[in-house]
Amino acid sequence: MGIAKSFLTAKNMAAEHGRKWDRCLADTAVKTVTGLAVGVVFSVVLFKRRTWPVSLGSGLGLGMGYANCQHDFRSPYLVHGDMVKDQ
Amino acid sequence: YTAGGSSGAAKVVAAGLLTVGGGVGGTILYAKWDHKFRAAVENNVPYSDWLLGLALGPAYQGDIMKQVRMDSQHVWVIIADSVVAPHTELPLRERPVEEVAARLAQQDQKEQDTLSSVSASLEECLASSAKATLQAIGAQEAAVQAITQHIHKLKEAMEAEVPPPEKSSQWKDLEAALADRTSAVNDAETALLKAKEALDSLKSEIDKSKGLKVSAVRPLVLAAEENLHNMVVDLDRVVTKLQSAESESKIVSQYSDLVNEAKLQFQREVSSLTPEIQANWKGLTGKLSADDLNALIAHAHRRIDQLNRELAEQRVREQIHIDASLEQQKLEDQKALEKAVLTAVQHIKEDTRLEQERKLSELREVMEAEMRTQLRRQAAAHTDHVQDVLKVQEQELRADAEQVLGSKLLEQETSYRQLSQEQLDNFTLDMNTAYARLKGMEEAIDSHVVAEEEARKAHQLWLSVEALNYSLKMADADSPTMPLESAAQAVRDSCHDNDFALALATALPEESLQRGVYSEASLRARFNALRALVRRVALVDETHNSLYQYFLSYLQAALLFEAKQEAPPGQLCSEDLDPFRLLSYASFCLEHGDLELAAKLVNQLRGEARRVVEDWLTEARLTLETRQVVSLLSAYANAVGLGTTQAP
Numbered sequence: 001m002g003i004a005k006s007f008l009t010a011k012n013m014a015a016e017h018g019r020k021w022d023r024c025l026a027d028t029a030v031k032t033v034t035g036l037a038v039g040v041v042f043s044v045v046l047f048k049r050r051t052w053p054v055s056l057g058s059g060l061g062l063g064m065g066y067a068n069c070q071h072d073f074r075s076p077y078l079v080h081g082d083m084v085k086d087q
Numbered sequence: 001y002t003a004g005g006s007s008g009a010a011k012v013v014a015a016g017l018l019t020v021g022g023g024v025g026g027t028i029l030y031a032k033w034d035h036k037f038r039a040a041v042e043n044n045v046p047y048s049d050w051l052l053g054l055a056l057g058p059a060y061q062g063d064i065m066k067q068v069r070m071d072s073q074h075v076w077v078i079i080a081d082s083v084v085a086p087h088t089e090l091p092l093r094e095r096p097v098e099e100v101a102a103r104l105a106q107q108d109q110k111e112q113d114t115l116s117s118v119s120a121s122l123e124e125c126l127a128s129s130a131k132a133t134l135q136a137i138g139a140q141e142a143a144v145q146a147i148t149q150h151i152h153k154l155k156e157a158m159e160a161e162v163p164p165p166e167k168s169s170q171w172k173d174l175e176a177a178l179a180d181r182t183s184a185v186n187d188a189e190t191a192l193l194k195a196k197e198a199l200d201s202l203k204s205e206i207d208k209s210k211g212l213k214v215s216a217v218r219p220l221v222l223a224a225e226e227n228l229h230n231m232v233v234d235l236d237r238v239v240t241k242l243q244s245a246e247s248e249s250k251i252v253s254q255y256s257d258l259v260n261e262a263k264l265q266f267q268r269e270v271s272s273l274t275p276e277i278q279a280n281w282k283g284l285t286g287k288l289s290a291d292d293l294n295a296l297i298a299h300a301h302r303r304i305d306q307l308n309r310e311l312a313e314q315r316v317r318e319q320i321h322i323d324a325s326l327e328q329q330k331l332e333d334q335k336a337l338e339k340a341v342l343t344a345v346q347h348i349k350e351d352t353r354l355e356q357e358r359k360l361s362e363l364r365e366v367m368e369a370e371m372r373t374q375l376r377r378q379a380a381a382h383t384d385h386v387q388d389v390l391k392v393q394e395q396e397l398r399a400d401a402e403q404v405l406g407s408k409l410l411e412q413e414t415s416y417r418q419l420s421q422e423q424l425d426n427f428t429l430d431m432n433t434a435y436a437r438l439k440g441m442e443e444a445i446d447s448h449v450v451a452e453e454e455a456r457k458a459h460q461l462w463l464s465v466e467a468l469n470y471s472l473k474m475a476d477a478d479s480p481t482m483p484l485e486s487a488a489q490a491v492r493d494s495c496h497d498n499d500f501a502l503a504l505a506t507a508l509p510e511e512s513l514q515r516g517v518y519s520e521a522s523l524r525a526r527f528n529a530l531r532a533l534v535r536r537v538a539l540v541d542e543t544h545n546s547l548y549q550y551f552l553s554y555l556q557a558a559l560l561f562e563a564k565q566e567a568p569p570g571q572l573c574s575e576d577l578d579p580f581r582l583l584s585y586a587s588f589c590l591e592h593g594d595l596e597l598a599a600k601l602v603n604q605l606r607g608e609a610r611r612v613v614e615d616w617l618t619e620a621r622l623t624l625e626t627r628q629v630v631s632l633l634s635a636y637a638n639a640v641g642l643g644t645t646q647a648p
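Each protein sequence line maps, in turn, to chains A and B.
Heads up: the first sequence runs through residues 1 to 87, numbered per our numbering.
Heads up: the second sequence runs through residues 1 to 648, numbered per our numbering.
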């Protein structure tokens, strides 16, 4: 029964790893830049051209990207539990 | 600030050292107190076991109970080896009858000889001693006689008033008697000595013969002893008589001496008074004058007075003397009594001893007679027993002989029967062999036909399996082979009736039939590509899968170098389960064409690395399965073909 599960093509498992990394990096980059941008906007508009919203925003973006990346890599190992309600 | 800085640095250094030292010391102390802590420290901190061993000595000791058990054993080592000296008895062997009789005769002879010799010597001794004793007794009696005679004569001589010529003859007689007495006494003494000598020799002879310990001699000895005793008694009696006679004579002689002395004294006095008067004053007649007579009468009166005085004195002294002499006599009497008592006691003792010996000899005779009867009885019992034993033996021997005869007869019969049976069996065997050969020939001919049919079928099977094998080999790199369905079908067709081959043919995996399998070369190429990825995610698994872990894993892959290929060991130990080692082993196996071992090794990967190679592994499994089935089929076809091939 080793081949009962969905049979991916030969290259798939290895390629999957590479694909994950691509997604991850792209996603992180986008989030960081978006955060940076929002930070700049907020700094200019609300906080008198201070630096801290910029760093906050970029940091936020980076962090979100990192977390997403990590979650993506972890996904095969996550156990999903269902809550059983007693009727 | 440099000074302050240096002192600050020194302070820091000192504080650091103190902390480290305190930590180590505290750990050691606590480890000494708590063994579990010590074990935990030794497990987790490298080289701590060496340090702790140095400081505290080796860890927890084992049992000290063994020593206790050893000591308790010592107590129970009993030295009860009381070696009983084995009885070194010579085995008693029964002497033959003649020897016994000879020995007995010899012993009897010896006894007789000793008896005769002893009796002869004893008789001799007895005779000589009897003679001597009689002589002594005679001499003693003679001496007694002589003494009494002498005394009598002496008394007569002193008291009787006899005219002078007879007096002189009397005195002569007295002297003769005295001479007789002395000679008789001497004779008696010598005879006594001789008798005593003879008795002593007899006694020694008796003792010697007693020492011989021959039973027959005893009555003789006893008789001799009795005789000896009697002689001794008589001798003693006579000696006492002699002694009493002597003591009497002593008294009488003393008396006679006294009388003589008195006479002499008187004579001296008279002579002193009248010196001219001669000794023999009784011969005096008218020669004397009146003065002389008066003087004589005066002297006589004076003498009478003196004598009266002396008499009175004497009477007084007499009393004293009598008392003294009585005392002396008492003493002498006592001595004599003691001596007599002693001799009497000795005689009685001797008597009783002789009586005892007599009784002993009687008893001994009685005992010997009894023993003889007992021995005779025992001899009779022994002969009876021997007779019984002989009877029993005879019966046993007869039974044995009969048994042997019966067995021999039985043997002969069985051998005869065996021979006849053998003949029969041989004949039957020949008949059976002929029939069997006939049957065999018929069967061989039939089986030939069958075999040919089988051979054809086997050949067909082999051809189909070969086709399957060929289609398996025909595969390009990077693409699977063609579907194996048709070839499998051909195989199935060519083995309807063979369950084994049919089962195998249906065991081919579905995918291989539908899609085909990858070749080994393609798998190898893909593995080499996968290797880099596996190295990169080596540290990531179910629990360690954060991005930081990914970073560490990439770092490890960058920094760690392992052999490209390494020969796998016969048995994997825990160190070999490191992903890098496993990859090098698997690579080696693949290079050497061992796909199975490579798949097994790759199967040992865990975590993310395993996920990544999962499908490669599945492909490899598929290929291996198909190849196994096909190789089994071909082996089977070969075997069948070999079996049915006929030798030219």
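No wet-lab data here; the hints were simulated from the structure.
From a predicted model like this one, the values you see are computed outputs, not experimental measurements.
Incorrect hints may have been included.
Some, not all, of what chain B presents toward chain A, calculated at C-beta under 10 Å [claimed, not checked]: (1) Thr148; (2) Arg535; (3) Arg536; (4) Leu539; (5) Asp541; (6) Ser546; (7) Leu547; (8) Tyr548; (9) Leu552; (10) Val613.
Partial selection, computed: residues in chain B whose CB lies under 8 Å from chain A [said to hold, decoys possible]: (11) Glu156; (12) Glu159; (13) Leu533; (14) Tyr550; (15) Asp615.
Heads up, the beta-carbon is just placed ideally off N, CA and C, and yes, glycines get one too.
Hint check results:
1. Hint status for Thr148 of chain B relative to chain A: violated, with the closest Cβ pair at about 166 Å, above 10 Å.
2. Annotation: interface hint on Arg535 of chain B violated; nearest CB of chain A at approximately 12 Å, more than 10 Å.
3. Restraint check, Arg536 of chain B versus chain A: the minimum CB separation of about 8 Å is within 10 Å; hint holds.
4. Interface restraint check: Leu539 of chain B against chain A, minimum CB-CB distance 13 Å, threshold 10 Å, status violated.
5. Because the closest C-beta pair between Asp541 of chain B and chain A is about 8 Å apart, less than 10 Å, the hint holds.
6. Restraint check, Ser546 of chain B versus chain A: the minimum CB separation of about 6 Å is within 10 Å; hint holds.
7. This hint holds: Leu547 of chain B has a C-beta 5 Å from the nearest C-beta of chain A, less than the 10 Å allowed.
8. With a cut of 10 Å, the hint placing Tyr548 of chain B at the interface with chain A holds, because the nearest CB-to-CB distance is about 9 Å.
9. Checking Leu552 of chain B against chain A: minimum C-beta separation of about 13 Å lies over 10 Å; hint violated.
10. Annotation: interface hint on Val613 of chain B holds; nearest CB of chain A at approximately 7 Å, less than 10 Å.
11. For the restraint placing Glu156 of chain B at the interface with chain A, the shortest Cβ-Cβ distance is roughly 177 Å, beyond the 8 Å limit, so the hint is violated.
12. The criterion of a C-beta within 8 Å of any C-beta in chain A is not met by Glu159 of chain B, whose closest approach is roughly 178 Å, and the hint is violated.
13. Checking Leu533 of chain B against chain A by beta carbon gives a least distance of about 5 Å; that is within 8 Å, so the hint holds.
14. The beta carbon of Tyr550 of chain B comes within 7 Å of a beta carbon in chain A, closer than 8 Å, and the hint placing it at the interface holds.
15. Contact between Asp615 of chain B and chain A, as hinted, is supported at the beta carbon level, the nearest pair being about 5 Å apart and thus within 8 Å.
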